[in-house]
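Asker: Each chain, letter by letter, is given below.
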Amino acid sequence: MLAVARRLLRDEEDARDCVQDALLHALQNIASFEGRASLKTWLHRIVVNCALMHLRKRESQAEQSLDELMPKFDQDGYLIGPTRMAETSIDDLLERSNVRRLVQCSIDRLPDSLRTVLLLRDIEGYDTEEVAEMLDISAGAAKVRLHRARTALRKMLEPVFQGQVP
Amino acid sequence: MKTLLIRIFRWMFGDHERAGPTKRKLEALFLRHFPGQITCGEFERFIIEYCEGGLTERQRRIFEFHMGFCPMCRVHFESYRKTILMGRRVFTDTSEPVQAPQELINAVLAARTGGGKHDA
Chain D
1024 MLAVARRLLR DEEDARDCVQ DALLHALQNI ASFEGRASLK TWLHRIVVNC
1074 ALMHLRKRES QAEQSLDELM PKFDQDGYLI GPTRMAETSI DDLLERSNVR
1124 RLVQCSIDRL PDSLRTVLLL RDIEGYDTEE VAEMLDISAG AAKVRLHRAR
1174 TALRKMLEPV FQGQVP
Chain C
634 MKTLLIRIFR WMFGDHERAG PTKRKLEALF LRHFPGQITC GEFERFIIEY
684 CEGGLTERQR RIFEFHMGFC PMCRVHFESY RKTILMGRRV FTDTSEPVQA
734 PQELINAVLA ARTGGGKHDA
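Top to bottom, those sequences are chains D and C. So in my numbering the end of the first sequence lands on 1189, straight run, no missing numbers. So in my numbering the end of the second sequence lands on 753, straight run, no missing numbers.
It should be emphasised that the hints constitute simulated quantities derived from the structure, not laboratory data. Ideal placement from N, C-alpha and C gives every residue a C-beta, glycine not left out. One or more hints might be untrue.
What the hints assert, rightly or not - Straight-line distance between alpha carbons at most 20 Å, and here's what the computed SDA-like set of lysine to any residue pairs gives:
no.	chain 1	residue 1	chain 2	residue 2
1	D	K1166	C	T636
2	D	K1080	D	T1106
3	D	K1166	D	L1089
4	C	K715	D	L1047
5	C	K715	D	N1121
6	C	K715	D	K1080
To be verified - Stretch-level coverage of chain D by chain C, calculated; a stretch enters the list once three of its residues show a Cβ under 8 Å from a Cβ in chain C:
no.	segment
7	1066-1075
8	1131-1141
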């Protein structure tokens, strides 16, 4: 639970507060647990919801423009970008601590609105409909945010894919 | 047939970096106007639906066809896919379980005890 809160909130104190709130919420509402999902799934959902509430309470930060991280096209409509990438497997890449750190730092650099969708969908494993429901947005909006988050992250990791990170 | 077409398209587009402006313009016109072809911009917009399984069979074939011959889109998509997997793996490849700090456990227990007194 703490690991999930840390991922979403990026702040140790906030993460601990969030887990405390989530555990209290779980204890107070244990009677409503119907056993349709596993206890782990139920607690996971509670901590995610608590983390989202914490995020909403935070003052909205001015979000950095992501335009420079979005794909560019030339005047003929072609994607501007490399035509080759290093032939390194994901396993090999992730054995390097530099790469692991870069992936984590890059995710942390994403604006909250995109990072939250990416974490819930790609890391916590919720489907797009569930993510949309948690964030109170449409499924279409969730997909747009997810795509922007992945695209921005992809651009930040481009040096890794080009074999430029030792 | 599909493989042959992709080979022809690769011959047309494969040397993209060294193609002159006229060839590039002709290729771009072809992608914009030839039935069953998409531009790189359209390809990019289709990626999310492709990953979510939201494309029709025909759209999926068009998407994959474009990826088959366009080197930039192929690299873009492959790195997009790797990005998803790496993000997932970085956070899930933890061999050691995260231990909750003792003060957090104490805080929860204290709050619980306080709640019990309040209820009583």
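Asker: All hints, please: hold or fail.
Answerer: Each hint, compared with the structure:
Annotation: proposed proximity of K1166(D) to T636(C) is violated, straight-line Cα distance about 32 Å (limit 20 Å). Distance restraint check for K1080(D) and T1106(D): the Cα-Cα separation of roughly 44 Å exceeds the 20 Å cut-off, and the hinted pair is therefore not satisfied. Our distance criterion of 20 Å between C-alpha atoms is met by K1166(D) and L1089(D), whose separation comes to about 16 Å. Distance hint between K715(C) and L1047(D) is unfulfilled; the C-alpha atoms sit about 38 Å from each other, more than 20 Å.
Annotation: proposed proximity of K715(C) to N1121(D) holds, straight-line Cα distance about 17 Å (limit 20 Å). Between the alpha carbons of K715(C) and K1080(D) the distance comes to roughly 33 Å, so the proposed pair goes past 20 Å and is violated. Counting residues of the segment 1066-1075 of chain D whose C-beta lies closer than 8 Å to any C-beta of chain C gives 0; at least three are required, and the coverage claim is violated. Closer than 8 Å: that is the beta-carbon criterion, and the segment 1131-1141 of chain D has 1 residues meeting it against chain C, so the requirement of 3 is violated.
Consistency with the previously given hints fails for numbers 1, 2, 4, 6, 7 and 8, ordered from lowest to highest.
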